[in-house]
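J.: Sequence:
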Amino acid sequence: MGIETPAAGSPLATLPAISDQERESIEEAFRLMNENGQLDQKFVKESSIASRDLLFNRPLSDTELEAKVEAELKGESYPTPTYGTEQQILLQESQAADVFYGRVEADLPNMTVPQLIKVRENFTLSLVMIRFMIDYGNTPNGIPTSFLIMAREKAVAIRQKVNLELIKRGVKSL
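So the sequence shown is numbered by full-length UniProt numbering: it starts at 1 and just counts up by one.
It should be emphasised that the hints constitute simulated quantities derived from the structure, not laboratory data.
Think about it this way: if two alpha-carbon atoms lie no more than 20 angstroms apart in a straight line, the pair counts; the simulated DMTMM-like pairs of lysine to aspartate or glutamate are:
(1) Lys42 with Asp53
(2) Lys118 with Glu28
(3) Lys118 with Glu105
(4) Lys154 with Asp98
(5) Lys118 with Asp20
(6) Lys68 with Asp53
(7) Lys42 with Asp135
(8) Lys168 with Glu105
(9) Lys118 with Glu27
From just these sequences and the hints, can you work out the full model?
T.: Here it is, written out as structure tokens:
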């Protein structure tokens, strides 16, 4: 999941890598996903492809839509407009994540301990989902692994900041 084991003697070693509540949340999420058919490999790969399409392909303007219909009526293809290259989009997404996580980090001192624990739980669950997509959603037309790795690295970093805030407040167990 990208969560490193803290060094011996580190304040981070006082908190569990995954708490019992986080474990229960993970199990519940997978139970619900299974009930809804979302653990099927076909569904996971289709979700990955849909995610890539949302990230890369911009919606057609009215003029482009008309041109696409005209082209398809003639049996021709019409190029899908994109937001840019993979590297450009990765950079944009990385910057957007930095802004989001920056706001979360700025809010940490104002959160209560229960709120901090819930935020950590949410980031732990997101790390599990990212790992799940890396392991089972890998498909050539799906979301690139580089995006998932970037998301994982940023989620691990903000989760560590949540841990440090919890430790600063004297929390030793979750």
